[in-house]
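J.: The numbering of the sequence shown is the working numbering, which starts it at 22 and goes up by one.
These aren't lab readings, by the way, just hints derived from the structure by calculation.
As the structure is a prediction and not an experimental result, all values here were calculated from the model.
It is possible that some hints are incorrect.
[Said to hold, decoys possible] Okay, derived cross-link-like pairs now, DSS-like style, lysine-lysine, Cα gap no bigger than 27 Å in a straight line:
#: 1; residue 1: Lys88; residue 2: Lys62
#: 2; residue 1: Lys40; residue 2: Lys88
#: 3; residue 1: Lys62; residue 2: Lys95
#: 4; residue 1: Lys93; residue 2: Lys62
#: 5; residue 1: Lys40; residue 2: Lys93
[As the list claims (entries may be wrong)] Pairwise CB distance ranges (calculated):
#: 6; residue 1: Gly68; residue 2: Thr128; range: 33 to 39 Å
#: 7; residue 1: Ala24; residue 2: Phe117; range: 32 to 38 Å
#: 8; residue 1: Val79; residue 2: Gly114; range: 18 to 24 Å
#: 9; residue 1: Ser25; residue 2: Leu48; range: 18 to 24 Å
#: 10; residue 1: Asp70; residue 2: Leu110; range: 40 to 46 Å
#: 11; residue 1: Asp47; residue 2: Ser25; range: 20 to 26 Å
Here a beta-carbon is modelled for each residue, glycine too, at the ideal position from N, C-alpha and C.
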Amino acid sequence: ILASGGFGADFTQDSLLSKHRPDLSDLPTTNGDHCTGDGLKMSAAVGADLVDLEWVQVHPTGLVHPKEPDAKVKFLAAEALRGVGGLLLDMEGRRFCNELGRRDYVTG
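Construct the complete structure from the given sequences, taking the supplied hints into account.
T.: Printed below as a string of structure tokens:
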């Protein structure tokens, strides 16, 4: 077993995200920009079996910087912010869920 980190910030055409979860490849990430799956790719290149790569966690609360709204890497806004009154808004500025809901619900 090798634990090498994630691949959620690899936005290249041949990324593990594009291969295993293409439905998520257009979403921004709250992973650091260093999370590009290098360890996984190197392991596969020498014959390692990779399993369960389709199980990608999507976090519902990445802060959007007003000066960089289209940035692919977002700052992670923890559940604590929602717990003290933070609101989740859609692109039109409308509240769309109960912010205290579970991640799978809040993520949609």
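J.: Work down the list of hints and note, for each, if the structure agrees.
T.: Structure-based check of each hint:
no.: 1; hint: Lys88 x Lys62; in the structure: violated (34 Å)
no.: 2; hint: Lys40 x Lys88; in the structure: violated (31 Å)
no.: 3; hint: Lys62 x Lys95; in the structure: holds (24 Å)
no.: 4; hint: Lys93 x Lys62; in the structure: holds (21 Å)
no.: 5; hint: Lys40 x Lys93; in the structure: holds (18 Å)
no.: 6; hint: Gly68 x Thr128: 33 to 39 Å; in the structure: holds (35 Å)
no.: 7; hint: Ala24 x Phe117: 32 to 38 Å; in the structure: holds (35 Å)
no.: 8; hint: Val79 x Gly114: 18 to 24 Å; in the structure: holds (22 Å)
no.: 9; hint: Ser25 x Leu48: 18 to 24 Å; in the structure: holds (22 Å)
no.: 10; hint: Asp70 x Leu110: 40 to 46 Å; in the structure: holds (42 Å)
no.: 11; hint: Asp47 x Ser25: 20 to 26 Å; in the structure: holds (25 Å)
In summary, the structure is inconsistent with hints 1, 2 from the numbered list given earlier, while agreeing with the others.
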